[in-house]
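With the sequences and hints as input, model every part of the structure.
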Amino acid sequence: MNTIGNVTGIVANLVIVETEGTTAQNEICYIKHRDTRLMAEVIKVVGNKSYIQVFESTRGLKVGTEVEFMGHMLEATLGPGILSKNFDGLQNDLNKMEGVFLKRGQYTEPLDMDKAFKFKAIAKKGDKVVAGSWLGEVKENWIRHKIMVPFKFSGEYTVKSMKGAGEYKPEETIAVLTDKDGKDHEVTMVQKWPVKVPIKSYKSKPRPFRIMETGIRVMDTLNPMAEGGTGFIPGPFGSGKTVLQHNLSKNAEADLVVVAACGERANEVVELFTEFPELEDPRSGRKLMERTTIIANTSNMPVAAREASVYTAMTIAEYYRAMGLKVLLLADSTSRWAQALREMSNRMEELPGPDGFPMDLSAIIANFYARAGFVYLPNDETGSITFIGTVSPAGGNLKEPVTESTKKVARAFYALSQQRADSKRYPAIDPIDSYSKYLEYTEIAEYLNENIAENWTDSVFKAKDILLRGKEAYEQINILGDDGVPLDYHIRYWKSELIDFVILQQDAFDKVDASTSLERQNYMLQKTLEIVDKSFSFDSFEHVGPYFKRLINALKQMNYSEYGSDQFKKNEKGLEKILKEQRPEKEKEEVKA
Amino acid sequence: MEKDTKAFQRVYTKLFQLTKATVSLNARGIGNDELAIVDGRLSQVVKIMGDMVTLQIFGGTEGIATNAEVIFAGKAPTLKVGDDLAGRFFNAYGEPIEGGEIMGQEREIGGPSVNPVRRKQPSEFIPTGIAGIDLNNALVTGQKIPFFADPDQPYNQVMAMVALRAKADKIILAGMGLTRDDYLYFKNVFDNAGALDRIVGFINTTEDPPVERLLVPDMALSAAEYFAEEKKEKVLVLLTDMTLYSDALSIVSNRMDQIPSKDSMPGSLYSDLARLYEKAVQFPDGGSITIIAVTTLSGGDITHAVPDNTGYITEGQLFLRKDSDIGKVIVDPFRSLSRLKQLVIGKKTREDHPQVMNAAVRLYADAANAKTKQENGFDLTDYDERTLEFAKEYADKLLAIDVNIDTDAMLETAYGLFEKHFKPEEVGIKQDFVDKYWEKNSE
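Same order as they appear, the protein sequences are chains A and B. Note that numbering that gives the first Met the number 0 numbers the first sequence so that position 310 is 309, with each residue one more than the last. Note that numbering that gives the first Met the number 0 numbers the second sequence so that position 414 is 413, with each residue one more than the last.
No wet-lab data here; the hints were simulated from the structure. Incorrect hints may have been included.
[To be verified] Computed cross-link-like contacts, DSBU-like style, restricted to lysine-lysine with a CA-CA straight-line distance of at most 30 Å:
| id | chain 1 | residue 1 | chain 2 | residue 2 |
| --- | --- | --- | --- | --- |
| 1 | A | K576 | B | K435 |
| 2 | A | K526 | B | K422 |
| 3 | A | K579 | A | K555 |
| 4 | A | K423 | A | K510 |
| 5 | A | K576 | B | K419 |
| 6 | B | K435 | A | K423 |
| 7 | B | K346 | A | K84 |
| 8 | B | K346 | B | K166 |
| 9 | A | K114 | A | K168 |
| 10 | A | K286 | B | K347 |
| 11 | A | K61 | B | K346 |
| 12 | A | K406 | A | K195 |
| 13 | A | K436 | A | K461 |
| 14 | A | K127 | A | K102 |
| 15 | B | K119 | A | K548 |
| 16 | A | K182 | A | K123 |
| 17 | B | K327 | B | K435 |
| 18 | A | K407 | A | K199 |
| 19 | A | K114 | B | K119 |
| 20 | B | K74 | A | K102 |
| 21 | B | K422 | A | K569 |
| 22 | B | K372 | B | K391 |
| 23 | A | K568 | B | K435 |
| 24 | A | K102 | B | K46 |
| 25 | A | K168 | A | K127 |
| 26 | A | K576 | A | K555 |
| 27 | A | K510 | B | K422 |
| 28 | A | K555 | B | K422 |
| 29 | B | K166 | A | K526 |
| 30 | A | K548 | B | K46 |
| 31 | B | K119 | A | K84 |
So this is what it looks like as structure tokens:
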């Protein structure tokens, strides 16, 4: 019997409900407003009053309206058919919604329950299984979607019977399991899981030990992202956060990508909807949409559902991780989620923490990031969730609660710089301020040196060092003037510019340059460092810039041409020619001396 | 608006709390967001606690007595929409300023949002003739973009110019805290251009109560939705000034004892602004709503909560700046950005557009560095000198807001400047384009 209550107060989307029955924190309830049911979540209980946040507009809602409590938390529906779908924050299938405008109280089934999937058993009769064990698999797009023992099951079960190979609909029983008390449980391809609770059906969660290739040089080369790692991208507006995230979702080496568009622009989501079904995954050659699921809560959709959207996305990522897949989860932007928390905390008249955010913001963010990771599954297979969130700091000031709380938990930090964005140096990731703690992990360093090049990490640190020294030289030149510093300062500065233009800067809108393979990154880094290692001599500082600009131009033309192609080789020859010009000049000087 | 009492409506006359913007009374069966008339003034339900209903009075509560008459309308604010709207100006309540009636259907303002999967990706270029916009920050239908400008800059003039050149089917002006002079200016400009029949205005001037402003953008956007969705028209909405709109939000939230967030703005500022700006949309069947807004800054400070939140919501921003070298107002190429330009430049315009745009801005940045050097008393290199010369001409011939040429002419002008001052490798554009366009120009 569900608990029933009545509305007694309304302030925007915070509604107070009086009830005699039992209610629970985070319990889902429905307000019966006229002929629609508005979904809401309990966020506080005081005596017989439950405070609920409504996931919809409360316009026209009246005191006295009946509310039904459902006895469960907000749950995601997990099963075959999630991939390629466009959901809202509550996992409603947006494509099934009628009309151009979103109608209040319209909820749609996340999965296509009428669609049959080709099923093949993995487990056999008599097998001992636990929550998360693979029972069978179906083909979903190109991935082998595992049908697992529901995560809600606890303890060990014995497989009593398995359905044979064949086509089944998601809700058909595919297995019967017997628990230790001898009770039988029927298992279908669909299960539900409360989004705010982490799925922990894995054996262990080691430290990440290999990197996730993204094709973005400034990330892969300088500050690599670990597979199963966490990272965040803070940046003022206009610094290219979204372009960077879109580029990640296009090029990262993941089995599938879950994108949580959280409180961001609708047109950006439309870009994904429009382009992803057309764009090809550079690795598999399949359409990007085949490996992508989008959770869209755009900024004009109800605020409360915004909070839910990041949890829904994480739960879906965890579900696929449990199948042994490499999942990339992107959330843009976690600041909007924090703001949603702030709005609610404000309406509940809680004592505010820094900048009006709730006091437990830090803990909420930490718990969320902790759900990512690389795991060993019960059957010793591996799976991972790599999580990268963007942060939109108010006023571009990184000393604000959301950035600071995130910085404490995320291991890679990609600082977008307004200055770089202003001078159109994209991606505007600041090479000096950004870091990846993973580079310091011995496991990762070993992996890199083994898989990319023997001395890879040395080269990376060297490149970083040159960038830093170049910046220092630049500051000196600015203070003392072009002719107030030794010529060497100019050369040092321009060497760092060489790395900046050739390695750091990348044209996300150019077909070839948008994504760079590790092999090519290695080639270009070694090439650039070779040049940097050379000693140059110039008659005057005035000749340094123009000469290096020609080098940069030649190297950039290499970046723009297909790796190893004739064009690439031609550009490389052009580069060698420019480099050769230096020697005679040097000899000339020696003669003079 | 219907102000007469209807037979079935209950009238209340006992207010027990009055603040500068709100009144509270005991009433039953009242819906959230519902409209009411308090002593002849329009108000809206903002809070219900048991029997206690709190109303926000848009016109302010001056002179309202505790025995004032309160009549509930039983519905949220609406606007009568129809072809009748065209060519007319309305107040914040959607009543024609010059009197008369509107024939049409009633539409609730501040209605639901468009399902993102039913939107179409914006792809139609809006040429304005202003190179600072078309070349560097091309606008696209369905986009939302504000001018970030200090109060002394001619943003309303530029906006009117853009609106008239944009070839929109309807231009909807939402004036919030508009000075009467600017209101008459807009009317005049549209009238002189013979465009008055394409204009709909919703106007709250500085003479009107500030809280009334809160209704203006919703009214304007409801009208826009009518023309864009039902009539499939290309609608351009002008919102000026969103900073004054936000000020009204902070007044209300302050009166309701809400905890203020950054810069005394309500914590919900982001959502409040996004709700409006996200009405910008490209419908699949041709209709579209494009929003051009104004956010006035104080001393160019973009870290203030209003421009900051706006920047995160809108698809870019346009900065106006007075260039002292040429004595003209220019569209600042560094701080301006149109996020949707990638959808049209080089696709709807010539292929080399993106590279030419970037190269010119980069050279302009080099000039800015050279200028700093010069100001600090350092010697300039030959390259520095050339960038400075380039920058001056670039500002005058391309960035100034008095430029009115088509995009091909803008690109030709840019090549002209490149060739005059630089060698191709200094400009750094793709060799293919250099071969194709550089040569052509020097002939």
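The hints, checked one at a time:
no. : hint              : in the structure
1   : K576/A <-> K435/B : 24 Å, holds
2   : K526/A <-> K422/B : 26 Å, holds
3   : K579/A <-> K555/A : 18 Å, holds
4   : K423/A <-> K510/A : 18 Å, holds
5   : K576/A <-> K419/B : 27 Å, holds
6   : K435/B <-> K423/A : 24 Å, holds
7   : K346/B <-> K84/A  : 29 Å, holds
8   : K346/B <-> K166/B : 20 Å, holds
9   : K114/A <-> K168/A : 6 Å, holds
10  : K286/A <-> K347/B : 25 Å, holds
11  : K61/A <-> K346/B  : 52 Å, violated
12  : K406/A <-> K195/A : 22 Å, holds
13  : K436/A <-> K461/A : 17 Å, holds
14  : K127/A <-> K102/A : 47 Å, violated
15  : K119/B <-> K548/A : 42 Å, violated
16  : K182/A <-> K123/A : 18 Å, holds
17  : K327/B <-> K435/B : 33 Å, violated
18  : K407/A <-> K199/A : 23 Å, holds
19  : K114/A <-> K119/B : 28 Å, holds
20  : K74/B <-> K102/A  : 18 Å, holds
21  : K422/B <-> K569/A : 21 Å, holds
22  : K372/B <-> K391/B : 16 Å, holds
23  : K568/A <-> K435/B : 22 Å, holds
24  : K102/A <-> K46/B  : 23 Å, holds
25  : K168/A <-> K127/A : 25 Å, holds
26  : K576/A <-> K555/A : 15 Å, holds
27  : K510/A <-> K422/B : 26 Å, holds
28  : K555/A <-> K422/B : 17 Å, holds
29  : K166/B <-> K526/A : 52 Å, violated
30  : K548/A <-> K46/B  : 64 Å, violated
31  : K119/B <-> K84/A  : 17 Å, holds
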